Every structure is written in structure tokens, then in C-alpha cells.
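Visitor: Listed below, chain by chain, are the residues.
Protein chains: 4
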Amino acid sequence: MKLEHSGRGRNIFRFNYLILQGTKIHPLWGTAQLFVHPRFMHGAATSSELGVYAYSAAQVKKAMEVTHYLGGENYVFWGGREGYQTLLNTDMGRELDHLARFLEAAATYKKKIGFNGILLIEPKPQEPTKHQYDWDAATTANFLRKYGLIDEFKLNIECNHATLSGHSCHHELETARLNGLLGNIDANTGDPQVVLRAVDITTGWDTDQFLTDVAESTMVMLSVIRNGGLAPGGFNFDAKLRRESTDVEDLFIAHITGMDALARGLRNAAKLIEDGSLAELVRKRYQSFDTEVGAKIEAGKADFEYLEKKAMEWGEPKVPSAKQELAEMIFQSAM
Amino acid sequence: MKLEHSGRGRNIFRFNYLILQGTKIHPLWGTAQLFVHPRFMHGAATSSELGVYAYSAAQVKKAMEVTHYLGGENYVFWGGREGYQTLLNTDMGRELDHLARFLEAAATYKKKIGFNGILLIEPKPQEPTKHQYDWDAATTANFLRKYGLIDEFKLNIECNHATLSGHSCHHELETARLNGLLGNIDANTGDPQVVLRAVDITTGWDTDQFLTDVAESTMVMLSVIRNGGLAPGGFNFDAKLRRESTDVEDLFIAHITGMDALARGLRNAAKLIEDGSLAELVRKRYQSFDTEVGAKIEAGKADFEYLEKKAMEWGEPKVPSAKQELAEMIFQSAM
Amino acid sequence: MKLEHSGRGRNIFRFNYLILQGTKIHPLWGTAQLFVHPRFMHGAATSSELGVYAYSAAQVKKAMEVTHYLGGENYVFWGGREGYQTLLNTDMGRELDHLARFLEAAATYKKKIGFNGILLIEPKPQEPTKHQYDWDAATTANFLRKYGLIDEFKLNIECNHATLSGHSCHHELETARLNGLLGNIDANTGDPQVVLRAVDITTGWDTDQFLTDVAESTMVMLSVIRNGGLAPGGFNFDAKLRRESTDVEDLFIAHITGMDALARGLRNAAKLIEDGSLAELVRKRYQSFDTEVGAKIEAGKADFEYLEKKAMEWGEPKVPSAKQELAEMIFQSAM
Amino acid sequence: MKLEHSGRGRNIFRFNYLILQGTKIHPLWGTAQLFVHPRFMHGAATSSELGVYAYSAAQVKKAMEVTHYLGGENYVFWGGREGYQTLLNTDMGRELDHLARFLEAAATYKKKIGFNGILLIEPKPQEPTKHQYDWDAATTANFLRKYGLIDEFKLNIECNHATLSGHSCHHELETARLNGLLGNIDANTGDPQVVLRAVDITTGWDTDQFLTDVAESTMVMLSVIRNGGLAPGGFNFDAKLRRESTDVEDLFIAHITGMDALARGLRNAAKLIEDGSLAELVRKRYQSFDTEVGAKIEAGKADFEYLEKKAMEWGEPKVPSAKQELAEMIFQSAM
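Residue numbers (the UniProt record's numbering), protein chains in the order written: chain A, 1 to 335; chain B, 1 to 335; chain C, 1 to 335; chain D, 1 to 335.
Honestly, the hints are just simulated from the structure, not real lab data.
Certain hints may be false.
[What the hints assert, rightly or not] 25 Å max Cα-Cα, derived PhoX-like pairs, lysine-lysine: (1) LYS309(B) <-> LYS112(A); (2) LYS62(D) <-> LYS301(C); (3) LYS310(B) <-> LYS112(A); (4) LYS310(C) <-> LYS110(D); (5) LYS110(C) <-> LYS296(D); (6) LYS112(C) <-> LYS301(D).
Bear in mind that the values here come from a model prediction, so they are computed numbers and not experimental data.
This is chain A alone, in the form it adopts within the complex (with noise of 0.2 Å):
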């Protein structure tokens, strides 16, 4: 696992090249831009025009050669345009057709080119567009099920996209672990306030914020332990200032601490596990199906017929308290 600074399109490149020459220092992840430049207006790999879908092509292919040549350990797709303002005008299945043959193309020349990195879909709900395809963990997963993809690509989770899309980061977190899908996190936060983040109109771009609480970034690590780290992936942090930090040392403070508060949670999280409290909480409150009819039941052997009759045996089910209070006392006694 590894905290790296990253960003995309075409600049850091230059920028990572010319600090990575003579050192042993790699790129999390290199990526192509694919969202401000007019033409991308209708998408890229779901634009409306095939001139369109050839460029995107065109410019991944190359963003995957120049990563694997300065040693990327990973590639990222955000599809900030694959998406739709409405559907009055789209036709989505054809979009979404295009898309996954646009994936096949680059999971077949990553392996051509002897690319090991793993390909990153990062899932954002909307905005730029009403709806963008990638909505969420579960809905990126269906897609690349649906397609066949599921064993190409792994997504990259980021807190403030899952805020948007109605989740907890946590919750996303857990759904691309148990999709076994969790590949990289993206280190910056949501706020939960602004479901609408605040646009910077000089950059023409929104302005991510660096993750600060604690306690948000212990779920975060809690996921990370049980997915049993993110390598190859990693954090990056792709959030920037606020348009109004204008000083230098601005960057200093919120990247320290951004870092300072994943290692916070890390440590907490730790602490957490190695106390082993709430893990033996949730252990109990399942232990019912630790059982032989339990194990049949998992095993998919319990039908309706044999499950009925244990339901008469039975009688009325005990149903004891979910504690999540003392869940979230034990929580917090962590921070």
C-alpha cells in the first residue's frame, strides 16, 4: 500500500517523469483526460460519433504505453462524460454496448503490451453529466458482469463519489471488496452537506477536499486490513485547495494533514482489530448459522420443504438486540 500524489491527463506525465528519472519512485496510476476538451462533449468511449469513439481510442492506447514506460502500477478510466443529460435524446443501450467494447479493446492491448497494472474503473454518480453510467460500486460491477469484463478491471473508490451517489464510503468500500473488486482509493472526502461540491469557475472544475475526520478514515482503513491491503493500488490524493488557499503552504497543510488523518485511522483501526471486540460482536450476532442447519443452509441444501418444518419445530424465533449501540460505543472508544 502506498500514498502517492497523482493527477490526471496529460501534464503529469511530464510532472512524474521528471521527478521519477534516477529515482525508484513509480506512478500509482497514469490516465488519459477525456472530459474538458469540447469534443468529448457527448462522451468518449459512449460519445454519439464515431470520429469521437477512434480518438478516445487513440488517446488511451497511447496514456497505457507512456504508463507502462515510466512503470505505472496501475491505469485509471473516469468517465466523466460517459454518461447522459437526458434520455429523451440517448440511446443508452447502444452507449453502454460501445463502452464495453471499448474496455475489451484496452483490456486486449494491456496484456499486448505486456502491461501487468491492473485497470481501474472509479465510479462517479453524476456530474459532469445527470447520470453517469459508472453510478456506483454495484452498478459498475453489473455492467462489467453483464459484459463479461468482471475479471479485467477492479475500481477505484473515492469518498466524495459515494457520498454523491447516497452511500457511505464505507459502504462502497465494501461492496467493490466483497465484488472482489476493491483496487485503489481515491483520498479525498465528501461533504455531506454539499451534495453540490463547490466549482471552482476559474479552473472550471470542482474542488475535492482532502479527508480530515478521523473517524471516516478508521471505516476507510477497517476495509483496506480486511481487503488485505490495496497492492498494487494505493491512495491517491487527487483532491486539490479550495480556490480561496492561495498561499503555498496551504498544499503543505492539506496534504500533511490529509495524510495525518488516514494514518490516524489506520492506527485506530488497528486498535480496533487487535482488541478484537467488535469483530467478535458481529461474529456473535451470526453465530445461529455456526450450526448444522446453518451449514446446510449455506451449503445451498435447505429447501423450503425441510425449512418449513424446522420453522414448526421451532416455534416463535428468539430474536436477540443488534447492539448497535455498543457497536458504536466500542467505535468510538477507538478514536
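Since the structure of chain A is already known, use the hints to place chains B, C and D on it.
Guide: Frame of chain A, contents of chains B, C and D only:
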């Protein structure tokens, strides 16, 4: 396609049975109510208690038998308590595994008793749980695919739940349709301002509103027509009167307005389809793919090298307008 | 009441001037653009910098003079940056005091130059700041009352901003009207699903949509008629085309659809008012107050002892239906 | 300032009375429950029915007397049904007039019986109505100002309701404080992801959660300290256990965690205030106003001509960083 009033839980069967004797009317669907009684406080198929899992299986078994006996055309699963209040005390992976086993057993039992109706899952993002596993159409599709159940189930889409999950109703219908899962529609509407729907304190249940907006019902009907209708599914009026609507006539007025809204939506959708301008606008938007290169892409035969060559050859792509305003004008003109 | 296209900032005056020479057409309103330039990053009248406060005053002074010179009928304040990103670094009390002093000075200057137009404030909850001081109509009314400015200003209501603050557009219009503050309407609409509106990355500004929904425009027009019209205010089309709408004709289509929607709304509202059933339904609902006791309550002469005596005398009150479904049916019938 | 557990409605008085006899403990506040019984379906003071208005007055009269008799320190109005479901059937102006008359009569009666406690209004945006008249602190302040009641009432702020209205809890507390209205705090929290809180189907009421987040409780306590404490108000634990928390000990754990969170918040806030860096950062941000020109502006003596002259003289203003990242770092360091 049928317009019919259905309800939830045990009572409906009695009600339907009394009415249906000696008629040719069948229930649109049957269901089991597995969320009000305290035994279901942690869920039914996803309860942490084995006894509740078995109890629920027995209840669904009986409800499926009764639905079959009454000539019901479908069977609905609405997992009101299949979700979590906090991830701190929840083993989400194990709960989802249990849910899959439960639905698998249901599909097996359906065949065993010769019930030919469709098994429907009704997505809903939350309420009464903080997070419900059948969050939206895409999330449910991913679950069905992951556990190999995609061919055994379809979805029952409710506009209100679409709104709660941050989507338009039309989006959910189209997502269901494109995944081959559009089975039935709950004919009530969401209130975009009421992210929180009015809770009826007496009955302890939310009061779904009848659909009255003709623009929305037109969008709904466009999806239904594209789907080739809903048979053997249909529209059901799960909506209830407001707590403040205490006159007997309110019940009739609500149903009449709701059915009229759907009828007007169907006429508008038919008008739009007969007129053809909207479909033509969409067709034209993608016509650059109706070419040799486009066909190659859609057949999965255009790799990155080929596309790069084309991109170089063509230069900067010309990107036409998306004609959103025209699409909206055409749509509004049919109202 | 007038339908007119206005814009923001400096350019509009030139545009208007070129068109207006030798005509009888006046600008609906003028305004100063105090949010794009980095000098306004912390606000204009609420900037933490004295120099920015003075600069803004000079700019508004000039804009008011030009508006007056061009025969403008109103002057609009939209406080895009008058708010905060975090309360941690903000003295909200001091900033609000500054804003009041600034608006006070504007009201004084208006009189000094003999400009008889109305000063309008346009509420908006957030974007680009996390929290904007003119959050909604009620918040702005409270501010104006607290600082003794309630008679000097009216409001410019935008449906889009209503949606962003969790209200229906109709609610905001009625709140403005009941506070005697309904002055002007921005004729664009919000997207209930897009809590976050599509950001145009090129221009760095949100793309407001034109109002196309006739049900909404009917509600808007009901408020306008109840208000006795909007003169000297009017409707302005602040909305812009989508970034993807690049044809010249898109601009015309958007304006035509928007104006048509308002015209159809006005006709529907007139129909509803002439028909009278909706007004009669509302009048009847409150008729128990059209009595001697009711009059006493409304005159502030019914104290708690008197009311207790009446309550004892009357026993359990009879509560009739609210007739919401009937009201919705009447409303929909006029569409 | 006091930490105390209070409840709603009739039962609480009996409960308190039994406990309080022979002790020095007083109820923090009393209230009347005017929203569950069907007679209040259209509201209490804003019901369309005269009889309900009188009935409600009698009930509040009695509740005020009992609160006074028990030595209660405040009296709370929570207008759960004072709002509307749709504006189509509602005369909002008349309902607000009735509400004002009702509160006026309550203020008069309070004085008559010699009750010196504060009258508190608890803002909440919606639920169970679509729109509640006491939407948030600013809306309620506007109402109180419009009807000349601003000196007779204060506010009871609940973090959960702040979240529901799109604000942070801190924003609501500060808005109340700056309007001289911060009277009491409901010590429960909102769930930013659950715009819709889990509804307890058995009791038919939402389950407010206890505050466990120390960062939030620190923000809360910063406002309380700035307000010079809350006396004669305090914190009340209106929160309830989750429906799934059925053990007796859950009740204790929840209260302990909630009180601990507030205690830790108070210690953090004290640390931040003693340290002084955050206050200093804010003070410095506005220091350009601590000058002769600044004083003139704040005294309302700087007109537009004077400010224009200053702006010309000074040229382009220099705008320093807002130091948001530093403020966040200081805040997090105190956790």
C-alpha cells in the same frame, strides 16, 4: 398489461379470494409481508437469526402456494428489512449469501409446485433500514448476476423508490429493461422535494402517492411500449391515500386520477411513437455508427491499433449538437 | 409583466444598449457581476478584505448608474460569493453586518440618483459557496427584517434555486408573496434528480435549464396572478443552453419552448381561476374560521381561557378530509 | 447548562412528577403532544378546523400550567403537523396568521400564570408534513420578526433537523445565536446519508440517534460556549434506541455514549478556545476592517461615493488566503 389494485401481506389474499370467486379476475401478484413483526427486525432472509430465516422460508412457501391457488400471475419480493442500519454490527457478505440461498430455494420451489408466474424483486434504497440490499435496478441486477439468479427473477419498479435512490423513474425502467428485467410497475409516484415521504403515524407506514403527473406517466409508458408491454406483469396501485384524506370518495378520486394519468401517458407515448420525430432524432444522433467502421466496433473487431489509425486518418472529429432542446420540445408538444 | 432576455455582468449592458437605441424596449434589470474574478473569492460585500468591499461598492454604484441611464426597471443582487466554505474560518455575524451596510448604502444611492426601479435579491442556497447567506426566500426575508431593510428590497425567485434549497418553486414564490417580496422571476427550472446541476467545464458555470414543464409553469403563474402580476418586475431568461447544444437553432428552440411553457402555464392558471373550483375547495376548508369565534381568533382577541372554555363546550372536534386528491384532480384537469 | 432526559406529551409529566417529588431536580421543559391523534391531521394551531385550534389551545394551556407546577424551566413547541402536504389545498397565509395568534396567546398566558421559563420553538423542515412552517432557524426567525414575537421566543435546535434542512448542525446553532435565539439543544444527531431516517414501524415514530461523533459535538460546544452557555436551557436526550436494540443495557450504553460524546466535545472546545489559534486565525482574517475606513463602514457611515473614491485610490485589492486547510488542521488537532 393490466391495471389492478393489489396490497401487501396476508389480508390481500382473503380480500382477493372473496372478490374473485366466480369471476375471471386473477391477482396480479402475491407476496409475503416480512417486515412489520418484530421477529423481522434484523431482516427475514438476511436476519442474523437462523430461526427467522427458516420462519421466513415457511411464510414465503405458503404465500407462493396461495398465490398459485388463486391464479396469481406473479410473486413479489420486497425486502423491507433486508439491509442494515450500520455496517459496524453487520456481516454484509454473509447476509447477501443468505439472501441468495433463500431466493434460490424460492425459485426451486416455484418450479416444484408448477407455478409459472414471474418472481419479482422490488428495488428500494432505504427505509425502514438505512441501506437496503436491493438499492436500485442496477444493484439488484448485479446481485442476481453474481449469484447466478439473473434468469429466475425480474424487477418490480416503483417510481417513488427510483426518486429515493437519486434516479428518475424513467432511468430505473430503462435500466431494468436493458438488463432484461422489466417485469412490473408500481403505479405510484415520488415527490422530488420530499426525500423523506410523509410518514403516517397511525399505521406506521409511508403514504405513497398516486401518480398524477402526465409528463412522468408518458415517460413511464414509453419504456413499457419499448418493452413490448409488461405481460404477464402489469401496473399495481400500491399507493395509499394521505392520512388527511378521510372521505370515502377520496379513494375513488385518487384511483381515477391515477388511472387517468396512466391512460393519458399511454396516449401521449403512442402519439410520440406514431409521430416518430423523437425516435428519428435519436437514430440520427448515432448514425456515424451505422457504417462499416461502426459495425466493426459493435462486433468487437476494432482493436486499439485499428482505431488509432482511423483517428489519425480522420483528424479532429466534428461533433454535432445533442439537440436536447429539440427533444424536449417534441416531448412537450405531445403532452 | 414582461418576458425578456437578460444576462449577467458587464456585457449585458452593451448588448442591451445596442439593441435598445431608438426603441422603446428597456432592460428588465441590471446587475454587477461580483463572483468570477479571484478578487471576489471570499465574497464581495462579505469579503474579509476591506479593499474588496470598497471595490464592490464602486462596481455596484457604476452598474446602478448604467441601469438607470438605460431605463432599466430593476436592479438585481445575486450574492454568488456572499457566504462561506466553512464556519471554522468565518465570522458569520460580522460578514452579515457588512452585507447589511452594503445594501443600505445601495438603497441610499438609488434614491440619490433618482432611480425608481426595485432592488431585487436573488436567493440561492449554495454554489459556488458551501452556504450562501441568501439561502432561500424566508432566510433573506429574515435578514432584511433584522437589519431594517424589508421595505427597500424585493426578491428575484428562481425555480432552480428553490429546488436546491429543498423547496418547490411554488413554495418559494408563495413565501416571497406572503412576505410582500415577490418582485421578479428567473424563468428557468431545476432538475429534481440533479441536486448537482451539470457543470459546464468550458465556461466554468452551471447550465440552468429552460422551464419546459407545464405543470410547474401553471403553479408559477398561479402565484403571479395572486400577486397581481409582477410589474415593474417580469420574467427573465437567465437559462443557458446545454454545453452539448451547439447549433444556432438550439438557442431559438430553447427560448420558444420556455416561453411556450410559460404561456401555457398562464392559460392553465387563468382556466383554474375562472373555473373557481380550486379556490372554492380552499375557501370551504377554512370556513369554520368564517364565524364569530374565528373572527375573534384572527383579530387576536381569543385568549387561552376563552379557547379552553370553547373547547370544553364543543367536545371532540370533527375533522373533515383535506381533499388533496380532489385538488390534484382539479389541477391536472386544467393541464 | 444541564444534561437531562426529557420526553414528549402527557406521560412525561407523570413520570417526572413521580421522580421529582422530594428531589431538587426540575424538568428541563414541558410540551404538549399535538400531532399523533387524528384530530391534529391538518395541524393544531394551523388546522383548517376552528375546533382543533381551540382544543390545542386548551391542551397547551394545561401543559404550561403543569410545567410551571413541576418547576419546569422552559416550554417547547414542536409543530409536527404545523405545515402542509400540498399548497393546492392550503391557504398558507391564513394558517401562518393563525399560528402567530396562537403563539401570541401562549406568551400572554405564560405571563399571566407567572411562568418565567423560556418559550422554545423547535425548527424542523418536514416529516410528518411535506413542508413544516418552522423549516429552519432562519425561517422561524423571520416568522417571529414578521409577527412581532421575536422577543417572546427562543429556539430548540436539533442536529438531526439541521441535516434534514440541508444545513450543518453548527450552521443552525450559529444562525440561532446570531439572531439571539439559541435557547436549547436536542442532543441527537442526524445521519447525513439517511436523508430519510429509519422509521420504527411498531411505534410509528422515527428513531433519532444519539450523538456519537466527537467532531460534531465539538462544533456544537463551540457554539454553546460562544453563547455563554444555554441556561436556563440545556441539552435534552430526545433520541431513542433503534428498534433492533432490545436489551435493557442498550438504553444505558446509548445514553453513556451520547453524554460522553458531549463531554468530549466540551473538552475539545475548551482546548480550542484556550489555545486561541483558531480564534486568532479568524480575527486576523478580518483585520483590514479594524481600521478607520472599516469602522466607518461598520458604523453605516461609508456611502457609495466615499467607497468609490477609496477603491480608485487603492487600486486592485490584495486578497489573502482563507486558510481553510489550516483551520481544519487546528480543529482536527484538538480532537
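Visitor: Give a verdict on every hint.
Guide: Hints, verified against the model:
1. LYS309(B) <-> LYS112(A): 17 Å, holds
2. LYS62(D) <-> LYS301(C): Given pair LYS62(D), LYS301(C) holds - Cα atoms ~20 Å apart, limit 25 Å.
3. LYS310(B) <-> LYS112(A): 19 Å, holds
4. LYS310(C) <-> LYS110(D): 20 Å, holds
5. LYS110(C) <-> LYS296(D): Distance of about 20 Å is within 25 Å: holds.
6. LYS112(C) <-> LYS301(D): 15 Å, holds
Hint check: no violations occur; every hint is consistent with the structure.
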